[in-house]
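**Student:** Sequence:
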Amino acid sequence: MNKIAVAALAMLVLSSPSYALFEPLFEDGTWSAEMNGEWRYFNDPGEFGQSKSAFSYSAQAEYYVDWNDGEDSFTFTPFVRLDQIDDNRTHLDLREAYWGHVGENWETKLGYTRIFWGRTEFLNLVDVVNQKDFVEGDTTEKLGQPLFQLSLVHDIGILDFYVLAGFRERTFQGEDGRLRAPIVIDVDNARYDGVEKNNLDLAVRWSQPIGDNLEVAVSIFSGTNRDPRFDFNYDLFDPKLIPVYTRMDQFGLELEYIYEGWVVKLEAIAVESPVESYTAAVGGVEYTFDTVFDSDIDVTLITEYLWDERGSDSAGFFEHDVGIGTRITFNDEQSTEILIGGIIDFDTNEALYNIEASRRIGDSWRVEILAMVVAERGEQELGQSVLEIANSLANSGFTSDAISTQFAIDLLSDIVEEKGLLFLFNGEINTYGEFVETLQQVQRLADTDRKLSILESDDYFQIEVKYYY
Numbered sequence: 330m331n332k333i334a335v336a337a338l339a340m341l342v343l344s345s346p347s348y349a350l351f352e353p354l355f356e357d358g359t360w361s362a363e364m365n366g367e368w369r370y371f372n373d374p375g376e377f378g379q380s381k382s383a384f385s386y387s388a389q390a391e392y393y394v395d396w397n398d399g400e401d402s403f404t405f406t407p408f409v410r411l412d413q414i415d416d417n418r419t420h421l422d423l424r425e426a427y428w429g430h431v432g433e434n435w436e437t438k439l440g441y442t443r444i445f446w447g448r449t450e451f452l453n454l455v456d457v458v459n460q461k462d463f464v465e466g467d468t469t470e471k472l473g474q475p476l477f478q479l480s481l482v483h484d485i486g487i488l489d490f491y492v493l494a495g496f497r498e499r500t501f502q503g504e505d506g507r508l509r510a511p512i513v514i515d516v517d518n519a520r521y522d523g524v525e526k527n528n529l530d531l532a533v534r535w536s537q538p539i540g541d542n543l544e545v546a547v548s549i550f551s552g553t554n555r556d557p558r559f560d561f562n563y564d565l566f567d568p569k570l571i572p573v574y575t576r577m578d579q580f581g582l583e584l585e586y587i588y589e590g591w592v593v594k595l596e597a598i599a600v601e602s603p604v605e606s607y608t609a610a611v612g613g614v615e616y617t618f619d620t621v622f623d624s625d626i627d628v629t630l631i632t633e634y635l636w637d638e639r640g641s642d643s644a645g646f647f648e649h650d651v652g653i654g655t656r657i658t659f660n661d662e663q664s665t666e667i668l669i670g671g672i673i674d675f676d677t678n679e680a681l682y683n684i685e686a687s688r689r690i691g692d693s694w695r696v697e698i699l700a701m702v703v704a705e706r707g708e709q710e711l712g713q714s715v716l717e718i719a720n721s722l723a724n725s726g727f728t729s730d731a732i733s734t735q736f737a738i739d740l741l742s743d744i745v746e747e748k749g750l751l752f753l754f755n756g757e758i759n760t761y762g763e764f765v766e767t768l769q770q771v772q773r774l775a776d777t778d779r780k781l782s783i784l785e786s787d788d789y790f791q792i793e794v795k796y797y798y
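Numbers in the working numbering are just positions in the sequence shown, counted from 1, shifted up by 329.
Hints are not guaranteed to be accurate.
[What the hints assert, rightly or not] Cβ pair distances, simulated, as ranges:
| id | residue 1 | residue 2 | range |
| --- | --- | --- | --- |
| 1 | 604 | 484 | 38 to 44 Å |
| 2 | 485 | 616 | 28 to 34 Å |
| 3 | 644 | 623 | 47 to 53 Å |
| 4 | 468 | 693 | 47 to 53 Å |
| 5 | 547 | 504 | 38 to 44 Å |
[Claimed, not checked] The calculated DSSO-like cross-link candidates involving lysine-lysine, where the alpha carbons are at most 30 Å apart (straight line), are:
| id | residue 1 | residue 2 |
| --- | --- | --- |
| 6 | 461 | 526 |
| 7 | 461 | 795 |
| 8 | 381 | 795 |
| 9 | 569 | 381 |
| 10 | 569 | 526 |
| 11 | 461 | 569 |
| 12 | 461 | 381 |
Keep in mind that the hints were calculated from the coordinates and are not lab data. Glycine included, every Cβ here is placed at the ideal spot set by N, Cα and C.
Required output: the full structure, derived from the provided sequences and hints.
**Tutor:** Take a look at the structure:
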């Protein structure tokens, strides 16, 4: 049975009629669920022929039961999405399925669950326990992680110990999906460098309020890096990016200071790995205006700075950027909220802007609207021949492997060996043109001054309707 059929079956099981059918099987606990219908519309056609619009449907249920006067509990949360155009986005996941126990001054969890670390608004550097469910678009969505957690509660703080088993690889958009890289990521052939896929990962976190205003958390993680780096497969007739997962040790610090309407936040990390060692931080300030104009509306202004020691060599988009946002909370019966924000790189003049709005309708419905605009630097001057592009890539550091002049020599040698010398001089016009186009996409990915150029055709508007039962 293929993935789409399985997802459709799961959607049927989590639908309202089936939900009512299965409910008597778990009479001692409580069920809740939501069904979501999502429509995305992109301002431009996909750069590689993808559709301008797509429908998607998702469902998530939660079953909860406790016993022994609430000391023991079980939580079960399955999730499924069915996407109209992107097979990679059609998927099932077990978000949570864990047993929990609460003692006098300790707690434990065993099974699949999701853990959140972090304080800041635009990026949570310290949040490394779970893998991101990247195809969801919202980078805060996570895959369930099998783990054992022991929490010790004391006057000097809460100490959490984690043993993580069963590494989860990141999900990525497929060839027909939007918001993807110019070259498709090969999710079926991920590699592991210096680490085994099924290694046990370890983590510990201490958190504690200090006084009435300050909260502090310190964490250590040792295991497989959830953020892969990418190697190009060097197959210019079937180009793919290969995710490569490595080991890392991370020390994290979280601070949050609250004074009247002010909130000061900081997240900082120091990372050691066989590939690189670096530090990064996100820090900022929020201020909330309560009951604006004598109404029930609260307005929060947010400013954060995102910094990465690696600068433009950072694998992500954010290395010396400023995040600015406004959160408007209406405090009404419909739980209306609006969030407007942007992340701006003043060195490259690139920016991401987005607006999110949500409102409940009645007791069971909720509507959420999202729009994103990419302000990228402009078109890159791409090479028009194999020689030009190979020279451009020679010292770009595009992949995890050191690329040097030898790369250009080996590349040209392989082409000559396979196609003959005339191939370099347009001996096979159609194939050669496709060959150069592939190299141009590699050149785009290697340009660290235009990281957002890979999203230049992906400004979009999204509306999502949720039904809760």
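**Student:** Each of the hints needs a verdict: does it hold here or not?
**Tutor:** Results for each hint:
1. Our hint of 38 to 44 Å for residue 604 and residue 484 holds, since their Cβ atoms are close to 41 Å apart.
2. Hint check: residue 485 to residue 616, Cβ distance near 31 Å, so the stated range 28 to 34 Å holds.
3. Range check, residue 644 to residue 623: Cβ separation about 48 Å, and the 47 to 53 Å hint holds.
4. For the pair residue 468 and residue 693, the beta carbons lie near 28 Å from each other, so the given range of 47 to 53 Å is not met.
5. At roughly 42 Å, the beta-carbon separation of residue 547 and residue 504 lies within the given 38 to 44 Å, and the hint holds.
6. Distance check on the hinted pair: residue 461 and residue 526 sit about 17 Å apart at the alpha-carbon level, within 30 Å; holds.
7. A hinted pair counts as satisfied when its Cα atoms are at most 30 Å apart, and residue 461 with residue 795 qualifies at roughly 22 Å.
8. Note on residue 381 and residue 795: the hinted pairing holds, with a Cα-Cα distance of about 23 Å set against a maximum of 30 Å.
9. As the CA atoms of residue 569 and residue 381 are separated by approximately 23 Å, the hinted pair is consistent with the 30 Å bound.
10. Of the pairs offered as hints, the one joining residue 569 and residue 526 holds, with about 21 Å between alpha carbons and a cut-off of 30 Å not exceeded.
11. Our distance criterion of 30 Å between C-alpha atoms is met by residue 461 and residue 569, whose separation comes to about 21 Å.
12. Taking the CA atoms of residue 461 and residue 381, the gap is near 25 Å; set against the 30 Å cutoff, the hint holds.
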